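With the hints in hand, could you dock these two chains into one complex?
Chains A and B, in that order, give the protein sequences.
5 is the number of the first residue of the first sequence in our numbering; add one for each residue after it.
49 is the number of the first residue of the second sequence in our numbering; add one for each residue after it.
Check each hint, because a few of them may be wrong.
Said to hold, decoys possible - Covered stretches of chain B (chain A as the covering partner; in silico rule of three or more C-beta atoms under 8 Å from a C-beta of chain A):
| id | segment |
| --- | --- |
| 1 | 100-108 |
| 2 | 203-217 |
As the list claims (entries may be wrong) - Derived lysine to any residue pairs resembling SDA-like cross-links, with alpha carbons at most 25 Å apart:
| id | chain 1 | residue 1 | chain 2 | residue 2 |
| --- | --- | --- | --- | --- |
| 3 | A | 106 | B | 207 |
| 4 | B | 206 | A | 118 |
| 5 | A | 119 | B | 207 |
| 6 | A | 53 | B | 263 |
| 7 | B | 160 | A | 95 |
| 8 | A | 106 | B | 155 |
| 9 | B | 154 | A | 105 |
| 10 | B | 358 | A | 121 |
| 11 | A | 119 | B | 206 |
| 12 | B | 154 | A | 109 |
| 13 | B | 154 | A | 107 |
| 14 | B | 356 | B | 263 |
| 15 | A | 119 | B | 488 |
| 16 | B | 160 | A | 107 |
| 17 | B | 160 | A | 103 |
| 18 | A | 119 | B | 420 |
| 19 | B | 154 | A | 99 |
| 20 | B | 154 | A | 53 |
| 21 | A | 53 | B | 254 |
| 22 | A | 53 | B | 116 |
To be clear, the hints were calculated from the coordinates, so they are not data collected in a lab.
Nothing here was measured: the structure is a model prediction, and the numbers come from that model.
In this text, a Cβ means the ideal position worked out from N, Cα and C, and glycines have one as well.
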Amino acid sequence: MQNLIYFFAILVFSAGLFVMLTSDNYVRKIIGLGVLQSSVLIFYIALGKVSNGIVPIDIYGKNDANLQLFSSPLPHVLMLTAIVVGFSTMSVGLALIYQIYKEYNTIHEGEIAEKEISFHDIN
Amino acid sequence: MILIKHIPVLQVLIPLFAALFSALTFNKLASWLIAVIATTLSVLVAFVALYNFTEPIFYAFGNWQAPIGIEYRLDLLNQPIILYVNAVLLFFLIFGKQLINKTITKYIDSRKHHMFYSLLLFAHAGYVGVLSTNDLFNIYVFIEISSLATYVLISKGKNPRALVGAFDYLMLGTIGATLILISVGFFFSVTGSLNIEDISAILEKTDLSDQPNSQLRIVVVAIAFFLSGAILKMAFFPLHFWMMRAYQGCAPFILTYLSAISSILGVYMIMRFVHFVIDEELAHIPISFLLKTIALVTIILCSYFALKAKNLKTIIIYSTSAQIGYIFLILSLWSSKALLFQLLILDSINKIGLFTLIAHIEHKSLDLNITSMKQIRNSNWFKVAAGFIIVFSAGLPLNGMFITKIALFDLLIKQGLIAEFVVVLLASVLGILYHLKFAKAIFFGKEENGILEINTNLAGLFAIITIHVLTLVYFSEITRIIGYYIGYRI
Chain A
5 MQNLIYFFAI LVFSAGLFVM LTSDNYVRKI IGLGVLQSSV LIFYIALGKV SNGIVPIDIY
65 GKNDANLQLF SSPLPHVLML TAIVVGFSTM SVGLALIYQI YKEYNTIHEG EIAEKEISFH
125 DIN
Chain B
49 MILIKHIPVL QVLIPLFAAL FSALTFNKLA SWLIAVIATT LSVLVAFVAL YNFTEPIFYA
109 FGNWQAPIGI EYRLDLLNQP IILYVNAVLL FFLIFGKQLI NKTITKYIDS RKHHMFYSLL
169 LFAHAGYVGV LSTNDLFNIY VFIEISSLAT YVLISKGKNP RALVGAFDYL MLGTIGATLI
229 LISVGFFFSV TGSLNIEDIS AILEKTDLSD QPNSQLRIVV VAIAFFLSGA ILKMAFFPLH
289 FWMMRAYQGC APFILTYLSA ISSILGVYMI MRFVHFVIDE ELAHIPISFL LKTIALVTII
349 LCSYFALKAK NLKTIIIYST SAQIGYIFLI LSLWSSKALL FQLLILDSIN KIGLFTLIAH
409 IEHKSLDLNI TSMKQIRNSN WFKVAAGFII VFSAGLPLNG MFITKIALFD LLIKQGLIAE
469 FVVVLLASVL GILYHLKFAK AIFFGKEENG ILEINTNLAG LFAIITIHVL TLVYFSEITR
529 IIGYYIGYRI
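Chain B extracted, bound-state conformation (with noise of 0.2 Å):
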């Protein structure tokens, strides 16, 4: 078969044409079947290339070897990510559609509904591409292209603010992107080359620690400029409030989509960028350093004000953030890629749940404020699933999250780290406390606040929980497959 020898640039063009196609067809339903197949085919696409994995793929563009051309490197770090990327946007469109028409595209012109099925999917080839290229600058035009279709995405909504939101997304997003490429500058100017590979090798050769002059300087510069751009970009915990207000106005929905698959990206992009652009022996104790902080502090306050948060949606985006400090706090540690992943994704499936809980609320009742929810009446089944999604959610036990904060917390203590177990510790029982505040508010609404009846389809929030109880039920192999593939070249 040819187009093995493709795989690569396969899983970038799938999506992208698709988005063409989509455009061009008018018609909702034509739209939503050629995102349906485009992504059914990614998923295939990606499994194969998981599958016939045996070493790193290289592919250069148009034959163009790597120094000089674009390069895509698959290698076990991003091909499982991408598997898994592709994965969450089947489950979007397919359990996701009656709600998508509910939630979103009511409020867009009738016309153009098309066109939502359209961007989702330039969105997709954008996020992607990202994941796949070896190429800094290419990395920088795979941002901008996802973002340019989500800032579009995050505009629709109930409420006219999310507009405002959008627009801000668009302003601090594109000052991020402009970070990043000051920083890929930078990189170019030391050493002359884009590519990722030959970047770390030239920095390793030219042993920037001997050179007292500006070498050195300059790729200090250049980190800098690349983590705060990322961060921004990325909305992790200093930077994160113009997120608060995109993420507000915005249909819920979608959120379960680019919410779940923006945090990977933005670690990803970091764990990449710091382990094969920089020297690890000359960069380990500032970075370290640098994210244990922003860890440290990231957890203990999101997780606070996860806690004071009025609003449902509020509280989820927060516990998002505290979530990636406990992954800012494991990358620092450097020694544990296999519970990053594993917690990284856990979280992602937990808050894919958590949305697509609070959207089925939304189609019904507009306010999602704590004090004045509604009560939920006469759904049981509906009842049955946001137990059990929000039990998976909080870490209690029997469930992989629970096993995997067992797993840090071992970790932490066997490397004496003591002041952090007492943040993660205090963060978890946090945790707990807001998931509590958070079932009571869907369960105890009170009756005078008025009633509300879920009758959209649950197939959505079941799925979630039996890959919820799958991922507990094969917990070991999957621990063992991640941490063969995690640990296979970092």
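Chain A on its own, in the form it takes in the complex (with noise of 0.2 Å):
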């Protein structure tokens, strides 16, 4: 039962996967890349998890008899980072669609590999 988060992060990672992979339009891709990185949130932070750890704020002193499990923080602070870096890659990404559709009017991958086609036609 505890491995059920993993099996469900690994769900995550194929959705996305399989979002970016298969869809014509950028915009969805650029959901799927989001999807696909949250599932490593999902895995680290299961990482940090310690079974019965309780938060890990010390709130008791050292001397004290009710020291307990804590769980890990080091995931949690990790993954801000990775945050950010899937924050700035999907602004870069959004930019760079920006550009595409002013350059071909369109986010279609099929429809801009057809004016691809016309365009080496014509030259």
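Structure below.
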């Protein structure tokens, strides 16, 4: 049962990859990218959980007899960085889509490929 | 000098801050000046670090010592590469100023020219960061910093197809980086550490081969994720298709910098990973087998594709891929690290020369198809330089590449690897053939396709030739130094 969360992460990863690789629309590809990256967040945060561990805040003194297990806070900190990286990747991607739209007047991969072929015929 | 203690971090901080400042100048010349000053400084700093080298330097950030804090590590494996990478950027900025203006920034809004140099420096900071860090998660962050800048750099060119190529690059580059991130997560789950040396020590201590349970399987999965992520990210052979699209649209001159550095970086990452994270005994056989298979297929197929290619730029890109095949082959033999870096650096210089050559042509004529190449006329110095550069790159006698190839043949025969020997021999012949095709397109363009005259500044080409001649003259010294350095701790 405790490994269920990893299967969920795999599910999200595959869903994101599927959307990215199969959709024709560039904006949908970017959405797939976002889904793919969030699967990594789930994976890492699941790694940090210690069973029966509490929130990693030091509310007991060092000599307290009630010392408890803590969940590891490190994966959460790492994922903060990964979220920022994912956000900036997505922004760059959207900016590129905007430029593609200005050049081709469409954001569909198939239509752009057709225009490329006609562009070659003219030259 | 207190600064000498901080050299590891200065190497990354100088380009990073220079990038910020040149983004704030709003002036093309000023941002170029900042970039040149910063890069010169970086070269000097890297040189000082290499000159004063006695033992590996460990730099702990904020004095948080290794397993807890982030750590940089400079040793004789990465410091020479950092020096080389800085030198390439300096070459690109100084000798390429005219070509940058004529082939790249021409297509950018004139109010945003300064951003080009800023992005270049950001990418450079990321590359140097990947080279110097000793922390797995830090590698991921630096890969993403350099990639984000690179996506924008290759999205500009004469052809709007560059945009689509850059978008593909963004998609597949992000998948590659995500795979690397998942691999880092697996290592973290097994060892509880992110520091490369710490991980390697812990893995050695636990002796994974004794445990039939999940630990070994997790490590194997992590290795598989890392290798596939790195191969996808750096566009090594089986997963290189996106790179063809991305590189075909963009201006060739930016590739002198990006292509030369990214292959070195990828090989460095895989090398550091293979040698430091994984226990050599455990992984030697499967990884050697995997690398050797990839290498042999790459060498033969990419040479063949290069011969069949119809575009000058495609020939060079496939040739780069084929050279990576040679490097994987040497890596899989596990014995000749000196040869590996000779080949890597020489090939990188060759590719810089070829891409610069193409950039000169592309500036005048947008058509780089072999069948419709224009005739080059009245540009004798250009032809002289082109001849030298093609001969050097083809690995014909009397240059460093030739000597390195002979050393490779020697090694293969000594180890009794006849099949590999035949493949490499065949690929070398194909290599000479596609260089001939390249030369034919440049020297014997048909007159009916039109005429073009190269009148750009050729200093860059002659600088590359000088470097080639110098490497040839001082070949034994360089080999000795690299051999000593690489043999130092691996």
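Structure-based check of each hint:
no.: 1; hint: 100-108; verdict: violated (count 0)
no.: 2; hint: 203-217; verdict: holds (count 7)
no.: 3; hint: A:106 with B:207; verdict: 13 Å, holds
no.: 4; hint: B:206 with A:118; verdict: 19 Å, holds
no.: 5; hint: A:119 with B:207; verdict: 13 Å, holds
no.: 6; hint: A:53 with B:263; verdict: 18 Å, holds
no.: 7; hint: B:160 with A:95; verdict: 18 Å, holds
no.: 8; hint: A:106 with B:155; verdict: 14 Å, holds
no.: 9; hint: B:154 with A:105; verdict: 21 Å, holds
no.: 10; hint: B:358 with A:121; verdict: 17 Å, holds
no.: 11; hint: A:119 with B:206; verdict: 16 Å, holds
no.: 12; hint: B:154 with A:109; verdict: 23 Å, holds
no.: 13; hint: B:154 with A:107; verdict: 17 Å, holds
no.: 14; hint: B:356 with B:263; verdict: 47 Å, violated
no.: 15; hint: A:119 with B:488; verdict: 32 Å, violated
no.: 16; hint: B:160 with A:107; verdict: 19 Å, holds
no.: 17; hint: B:160 with A:103; verdict: 15 Å, holds
no.: 18; hint: A:119 with B:420; verdict: 22 Å, holds
no.: 19; hint: B:154 with A:99; verdict: 20 Å, holds
no.: 20; hint: B:154 with A:53; verdict: 53 Å, violated
no.: 21; hint: A:53 with B:254; verdict: 23 Å, holds
no.: 22; hint: A:53 with B:116; verdict: 19 Å, holds
This entry does not satisfy hints 1, 14, 15, 20, going by the numbered hints stated previously.
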